[in-house]
Amino acid sequence: MRYSLFVGCTIPNRFPGVENSTRVILGPDHLGAELVEINEFTCCPALPTFYSTDRVTWLVTAARNLVLVQDKNADLVTMCNGCFSSLLKATEELENVNKCNFVNAALASVGKQYRGRLVRREGNRSIYEPVRVRHIIEALYTDFGREGIADRVRHPLSGLRIAVHNGCHFLRPTTRTSVDDPAKPVMLDTMVEAAGATSVDFPDKQACCGAGGGIRLQVPKLANAITKDKYECIHAAGTDAIVTGCPYCLYQFDHAQKDLKVHPIPVLHISQLLALAFGVDAEHLGFEWHFVAVRPFLKKVDAVGVV
Amino acid sequence: MGKGRVGVYLCTCRGEIAKHIDLDRLAAGLSEDPAVAFVRVDQELCGPAGQDVLRASHGEGRSDRVVAGACTPNIQGLIMRAALEGAGLNKYLYEQVNIRELCAWVHDDREAATDKALRLMRAAIARALMLEALDDIELKVVPESLVIGGGVAGMQAALEIATRGFLAHIVERTGALGGRAYRLSVTFPTHNCGICCMQYCRECVLTPKIEDVMQNPKIKVHLNTRIEKIDGGFGDRLVTLEGPGGREELRVGTIVVATGSDVFDARRIPEYGFGVFRDVVTTMDLERMLEQEREIGGRFVRPSDGRTMPRTVNFIQCVGSRDRVKGNLHCSLVCCTYAIGQAREIKKLHPEVEVYIHYIDLRGPYRGFEEHCEQAKAEGVVFVRGRVAEVSEKKGRVRIRFEDTDLGKQIDMATDLVVLAVGQEPAAESERIAKLLHLQLDEDRFIKDLNPNFPSEYRRGVFVAGCAEGPKGIRYSIEDAKSAAAAAADLMAAGKIHKTRAIAVVDETRCRGCGRCEEACEYHAARVVEKDGRLVSVRDEARCEGCGVCAAQCCNRAITIKHHTRPQMEALMRRVLGTKGRGAGGKGQGAQGEVG
Amino acid sequence: MTPGGAPEAQKKRSTENGSSDAKSAEGGPLIVEDSVFTGAEHDPDFVKQIIRYGGKDVQTCLQCGNCTGVCPVSLKTPYKTRNLIKLCQYGYKRIFFTIPWICAGCHRCHEHCPADINPAEVFVAIRHIEVREKGVPRFIRDSTALILRHGFGAIPSDDIKRYREKEGMPPLPNTLPGYRKVLSELEALFRKTRFTELIGLETGEGAAGERKARERGGEASK
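Chains as they are written, first to last, in our numbering: chain Y, 6 to 312; chain B, -16 to 579; chain U, 83 to 304.
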């Protein structure tokens, strides 16, 4: 397994613990994936800023990021739904020859060309496929599977009730390259179950967190109002934590709970949850960067753990 | 005027053609052709006056073959050809170029369109010179009919055929006659049970059907039977059945396809939770509940607990219809009507139940629908405009979320029973039968009409009735069946049909009996037989459709399609392409060009 | 998504906007201004324009309301997806220029649309039109400027850097000296696609401010 981590903007600047826990669980002590470091990435670019204003610039900027990975023989793996959606959509659009030529004309000005990843050679012909853009949830689910993850668990989170929040851009829009079933997604739930915890069912499970599309930036009250509905469903279901695969959803749930002054439910990224289950010391997982204190949850983990 | 023998007629199509094509220039250009006897331009050749012109002009005897530049040869062309036949022209000496659809309607450039028309007309004249007079093939029609499907349309068609004195075989896949209509608890517009369309029952004795069919000596019912193979051609088809009694063969002259439709599988719209939440049912499930409630009582209960009566019932319309993403694009036409009927039935049995109908548009293009709808409103059924977005479950009750589009408000309400008004879609069996009979399907995968304005126009003795041809209500299926049956009976009463001579013929001296044509023919018209000690291919005139596949396959050029012979087509192509060849200019014998 | 990117002043302003929106969502005053559309809002080419910028043909909308039923934003604001699509059908373009960009882009409307309209993409197309005809919202300009200066939508703080060091994580790319080359590439691309022009980052003062900001960013990374 060769992965190139695409960390994006939110994770390193708001939740560095998410990046660290991902590095740790994928690292040699645990899952043993090979990580390829690329230092020339830029913003994915963000959909509300670029895709909404100029599709061409969005595609060119995304293609530039993809070019950096194409010759590294690695899959691009992101821990953020926004980056995932933006880059995946870009690979799809770049399969269109006309669009790809257009983008390459622009990229030529900085000495780059998007071809995709070389699959094989047939005589003089080289066969390329689009750069594989993957979400950490899907990569863990497909490449390691429930068993592969469960085998690594040293500290099962049994007895803990987790509310899973997939986040919109992990599931939608549904296209040819969609990874999970938007009506009944299973991947994140499976990962939570693999960690030994229980994924709780609650109404409106696939609802939006409220932050997306620049709402959080423009009208935070609206974002919080949307979050409130979902929070109430989660709270009523009786859960110990909310687990998501997206730092922006994490940020929204985390922040909104403070703004709304509700009974706090800790919010974790799936990488952090798995790191805890793998027995990584919570010290290293950056929980001090969360607004809602994760300590009550950590206490429960100790209380129910079997180490 | 030239001294040729070809009479040329041009039609302005009441300006439709004249607007985009310079007919004067076209006429002048054609007059120069030495083969042309005269060129006449008329306002409307297919109209009564135009037909008179054709008859009178041809009657003068200056031409022995005719080329017309007008509209489509398949509709109005037939009228014009018939007029000329009345004046003594052999119909195989008539050629028509569609300068309306192929030139006038598709090009903006008037000059270029005129040039194209001129070229096409000249080519047609070149071909016309080589046409030979032929006569139609006459075929006998076997005086028996096969009706595929024993639903309301199939039964009506069989009864109608039997009444006219011909034997009808009903082949039904299931073990009972009656089809879907038999399972309905209420039918529009009488608001009686669906059985009333079928047989005597305690509620109604209006149209006793199943009994009539079973008793009729002229109707033979084959239940639990599947159609394996259909062979033969126009007027005489060999049908292989596979039934409980084993294999059986029928010989029939006409076929009525009444295979009906399937009900949409609601599981294909996951957001409605059919098959997940037990209190979400389809209208077909509700039919059974209502029927039992009426007959035994106490059966109108929530499926989730099997005890309590639902206090609130919500109907969701357009499930699988008008949905180009997860369902079918077409409107199913009957769902508004039957859902309102069911809603009224619930209100009749239990007035205290709240009934809501969620619709996008109320569509009931039927006589009496408005009254039906008004009565439902008066009886307390609530109509909500806005399709339900999703169904969920909370604390053991199903909830629906929707926008009331009249209010512009989102509503999230708890309910006890959600009824999905599932639409009709083409039956899988229908598609198989269509393939066996070489019938075309339309964009919704229903069997396509020959002419959408004229129901029951036949295609080689095959007629389509009822929902196989598109979603329909009971009354309209019956109407359809009647007209299909009448047309089939007429055909059998005539006893014979005329079929075009434009079919394949084999030059037995050239044929080496290789059998490629037999493999290629999808109508089973080509067969290799032994004749005078050598193998040769022969054609069954009744089966051959003149498609030309065998001619293209033949390595020895032993096969010719009459009326589309190699010299005729080559002359045509050379004039279109503007190339010279031995075939061009009127002498086509022994043409060996690459074209054709 | 570019969290933390907007400067504090801008953040504050948008919060105020938010509160006024929320208020109108809860119920407006009894008497309102004459709300008859006069046709001044009308643009007959709006539908075609939407298609040109990548939206689907809104004329095929059935107005069934499925999109509104699942829209998280419609639930909390007076803006109903179905009504907005209807406004598109009428060609009432200018009305959209008064609505903040509040589509969450969750694509639930698309999943549920029986007519395959994809309202989320229609709104993306409308934003394209608005940017070209009316102007760019501040928060977009700010976050774009930030990305142009730092490659990402946020500036790494000292705390972040300390944490990374403590945990032995590799340094963030945009804190490395070689990242200047990446920024110049990005700028070249944005100029090539005329994005800087579109967003208004190139005009006189803006460009100078931008240069200054880049110098500051460079210092910060040292």
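Derived from the structure by calculation, the hints contain no laboratory data. This structure is a prediction, so every number in the text was calculated from the model and none was measured. Take these hints with a grain of salt, some might be off.
Said to hold, decoys possible - List time: in silico BS3-like cross-link candidates among lysine-lysine, alpha-carbon distance up to 25 Å:
1) Y/K117 x U/K263
2) B/K309 x U/K168
3) B/K309 x B/K331
Stated by the list, open to error - Computed far set for chain B versus chain U, every beta-carbon distance over 10 Å:
4) I62
5) I213
6) K378
7) F385
8) L433
9) N436
10) E462
Here a beta-carbon is modelled for each residue, glycine too, at the ideal position from N, C-alpha and C.
Now for the hints, and whether the structure bears them out:
A C-alpha spacing of about 13 Å is found between Y/K117 and U/K263, which places the hinted pair at or below 25 Å, so the restraint holds. Only pairs whose Cα atoms come within 25 Å are accepted, and B/K309 paired with U/K168 is accepted, the gap being roughly 23 Å. Proposed proximity of B/K309 and B/K331 is contradicted: the alpha carbons are some 34 Å apart, above 25 Å. With a cut of 10 Å on Cβ distances, B/I62 stays outside the contact zone with chain U, its closest approach being about 38 Å.
The beta carbon of B/I213 is kept farther than 10 Å from every beta carbon of chain U, the shortest such distance being approximately 37 Å. Listed as a non-interface residue, B/K378 keeps its Cβ farther than 10 Å from every Cβ of chain U; the least gap is roughly 21 Å. Its beta-carbon lying about 5 Å from the closest one in chain U, B/F385 breaks the requirement of being farther than 10 Å from that chain. Every C-beta of chain U lies more than 10 Å from that of B/L433, the closest at about 29 Å, which supports listing it as non-interface.
At the 10 Å boundary, the C-beta of B/N436 stays outside the reach of chain U, the nearest C-beta of that chain being 26 Å off. The Cβ of B/E462 sits about 29 Å from the closest Cβ of chain U, beyond the 10 Å cut-off, so the non-interface label holds.
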